[in-house]
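Colleague: Throw the hints in and build the complete structure from the sequences for me.
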Amino acid sequence: MPDLPFVVASAATVLFASVVQGATGFGFVITSLPVMAVYLDPKLVVPVLLVLSTAVNLPLMVHTRRDFRISRVWPMMLAGAAFTPVGTLVLARLDAPELKILLGVVTGTVAMALLLGFQRAARNQRLASIPVGAASGLLTGATGLAGAPIILFFANQGVAQRQFRADMVYYLQAVALATLPSHIVAGVLTVEALWLAAVLLPAGFLGVSVGIWLSSRVPPSVFRRIALGVVLITATIAITSGVAG
862 MPDLPFVVAS
872 AATVLFASVV
882 QGATGFGFVI
892 TSLPVMAVYL
902 DPKLVVPVLL
912 VLSTAVNLPL
922 MVHTRRDFRI
932 SRVWPMMLAG
942 AAFTPVGTLV
952 LARLDAPELK
962 ILLGVVTGTV
972 AMALLLGFQR
982 AARNQRLASI
992 PVGAASGLLT
1002 GATGLAGAPI
1012 ILFFANQGVA
1022 QRQFRADMVY
1032 YLQAVALATL
1042 PSHIVAGVLT
1052 VEALWLAAVL
1062 LPAGFLGVSV
1072 GIWLSSRVPP
1082 SVFRRIALGV
1092 VLITATIAIT
1102 SGVAG
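Under our numbering, the sequence shown has 1084 at position 223, and the numbering climbs by one with no breaks.
Keep in mind the hints are simulated off the structure, nothing from the lab. Be careful, since some hints might not be right.
[What the hints assert, rightly or not] Computed beta-carbon distance windows for the label pairs:
1) 1056 with 954: 21 to 27 Å
2) 1078 with 922: 19 to 25 Å
3) 1080 with 982: 19 to 25 Å
4) 985 with 865: 48 to 54 Å
5) 1056 with 1090: 27 to 33 Å
6) 864 with 1098: 17 to 23 Å
7) 865 with 954: 29 to 35 Å
8) 1105 with 869: 23 to 29 Å
9) 985 with 864: 47 to 53 Å
10) 966 with 932: 30 to 36 Å
Beta carbons are placed, not taken as given, at the ideal position from N, Cα and C, and that holds for glycine.
Modeller: Written as structure tokens, this is what we have:
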């Protein structure tokens, strides 16, 4: 287990990230991973956050169930699940500094694109969702960042807020569950990772409960901007830390 100050810092990070997840339907991993990867080995952080994300998504699945339609996202789900083992191989083989740089570049690029309002809608959304799902699966296995390509894709397509939130929640849960077996086989999901996830779980449940409560009272765009600002800062820190080795 990491030292107590690192555990406390991780709990605070998970609390904030799960509030964002509860309010917007995404942001748990993309907000918490660049922060925790600065002071913990990314090979530990990725499986920990994968386990936590599957847990904190359960209340959200119940909350958004009426707005979810599997017909909208099943091609994306299948593509994402199929490509997660390839991403897990990347996670098992890359060194920690390389992973930090990868995490920082991916999260920073997505955050900047969203803040700048990048939008280029695809005419055939179902067909276009397949390569997006494949990219998401690769990132899930390697970095846990399943939502990065999906967030950008849904934003590009102008998906309505309630649909956006529900489809993100169910997609992220499906791909996370598909990733767990490959992490176990690759030896990435260790006893240490499970213990740390268990310690941080109360913070995750508290945060997602607060986020769900806030979702109907405060515009999600407020939380989105806060999360993206934090991601840009922490992505820069992660890249700097990775370059420094």
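Colleague: If a hint holds in the structure, say so; if it does not, say that too.
Modeller: Status of the hints after comparison with the structure:
| no. | hint | in the structure |
| --- | --- | --- |
| 1 | 1056 with 954: 21 to 27 Å | 25 Å, holds |
| 2 | 1078 with 922: 19 to 25 Å | 21 Å, holds |
| 3 | 1080 with 982: 19 to 25 Å | 23 Å, holds |
| 4 | 985 with 865: 48 to 54 Å | 52 Å, holds |
| 5 | 1056 with 1090: 27 to 33 Å | 32 Å, holds |
| 6 | 864 with 1098: 17 to 23 Å | 19 Å, holds |
| 7 | 865 with 954: 29 to 35 Å | 31 Å, holds |
| 8 | 1105 with 869: 23 to 29 Å | 24 Å, holds |
| 9 | 985 with 864: 47 to 53 Å | 51 Å, holds |
| 10 | 966 with 932: 30 to 36 Å | 34 Å, holds |
Taken one by one, the earlier hints all hold for this structure without exception.
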